[in-house]
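J.: Respectively, the protein sequence lines represent chains A and B. Numbering-wise, the numbering used here puts 20 at position 20 of the first sequence, and it's gapless, one number per residue. One rule links them: number in the numbering used here = place in the second sequence (from 1) + 122.
Simulated from the structure, these hints should not be mistaken for laboratory data. This one's a predicted model, so the numbers in the text were calculated from it and none came from an experiment. Every residue gets a Cβ at the ideal spot worked out from N, C-alpha and C, and that includes glycine. Hints are supplied without guarantee of correctness; some may be wrong.
As the list claims (entries may be wrong) - Under 8 Å between C-beta atoms, here's a sample of chain B residues computed to sit facing chain A:
id : residue
1  : G155
2  : E180
3  : M256
4  : L258
5  : P262
6  : V288
7  : G291
8  : F298
To be verified - Subject to a maximum C-alpha distance of 25 Å in a straight line, what follows is the list of computed DMTMM-like cross-link-like pairs (lysine to aspartate or glutamate):
id : chain 1 : residue 1 : chain 2 : residue 2
9  : B       : K260      : A       : D25
10 : B       : K193      : A       : D13
11 : B       : K260      : A       : D13
12 : B       : K193      : B       : D181
13 : B       : K260      : A       : E31
14 : B       : K193      : A       : E11
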Amino acid sequence: MDPESQAFSAEPDRVLGNALRALLDRPGEAEFVATVMAGAAAAGVGSPRAVLGRWARVAVAGLVLAAVGSALAVLTTPPAEPGFAVDTEWVAAATGSTAAAALFTSENPPDATLLYASDELN
Amino acid sequence: MSGAPNREAAGSREDDEPALVARALAGDRTALGILVTRFAAPVRRLACAILRDADEAEDAAQDGVLQALIKLDRYDPTRPFGPWLMRIVANAAIDRRRRRAVRDTSELDEALVGGGPLPDVEVDRLALRQRLAMALDKLPQRYRIAVVLFDVEGYSQAEIAEILGVAPGTVRSAVFHARRRLRRWLEDWKEDWKKEGAGGS
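Just chain A, with the same shape it has in the complex (with noise of 0.2 Å):
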């Protein structure tokens, strides 16, 4: 057989791979999974705490997540109507007075001198 002229194989050559496979195995399977095991032991690997650990670091992400999402709707949130506007507008289709509305929905106190020409008038 003229290895030059084999075209590849999609499937495993089973020859090969066992000749290789008795190349490279090596006994001292359980002493190796004990080493694993005793360093993932002393690595903490699925210990309560790092169990904890995780959770903590999900849960801290979560509120990170939360506060700039909260964040981002507050700064993109358009401004909202002033609210007098709508009031003005009431108040004035209810008295028919526009100065009575400016006088209801006034973020400022009233003006006293508006009231003392009141009495004055009667």
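Given chain A's structure and the hints, the job is docking chain B onto it.
T.: Below, chain B alone, put in the same frame as chain A:
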């Protein structure tokens, strides 16, 4: 997935690996032990193929598996566990090979060649093993890894490409050339062996 003996034996067991990982992450030592035991032989063979030194390979395989276990929470359970683990072990072995001068690989088979006269069949087997070891040593590292993962461990070209971080076409080429060289060396050896046998008798 390809049908190499190793993967056939593993068969449907691979399906439970994400569940085993989840159990291991939740603190189940038995699940962790099953995973380590299942992959002990393949990772040791891979490290040995890369380093060609028994002691170095053992250390590299242990380091690689431990690294994988420590970052087990980064494993994506929607993907096969084997290639993920093998990639970490391969990188650990390659890093070790880069860092340290590799000792004479002949010590790998020292125990086999020493020790007095052996029956003919045994001598033949050991000679073939020696020849294969030498042939494997002469292969470029990528060829060695590719042919071992494909023909020994039964990983697909796509999985090996993921392990090595190369294109599947590169894996195909590496396996092809590795096989061709190994077969050629082994054929040459068989011819020499036959001639020596005929001359000696």
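J.: A separate judgement is required for each hint: does it hold in the structure or not?
T.: We went through each hint and held it up to the structure:
no. : hint              : verdict
1   : G155              : holds, 6 Å
2   : E180              : holds, 7 Å
3   : M256              : violated, 10 Å
4   : L258              : holds, 7 Å
5   : P262              : violated, 16 Å
6   : V288              : violated, 16 Å
7   : G291              : violated, 11 Å
8   : F298              : holds, 4 Å
9   : K260(B) / D25(A)  : holds, 19 Å
10  : K193(B) / D13(A)  : violated, 34 Å
11  : K260(B) / D13(A)  : holds, 20 Å
12  : K193(B) / D181(B) : holds, 18 Å
13  : K260(B) / E31(A)  : violated, 30 Å
14  : K193(B) / E11(A)  : violated, 33 Å
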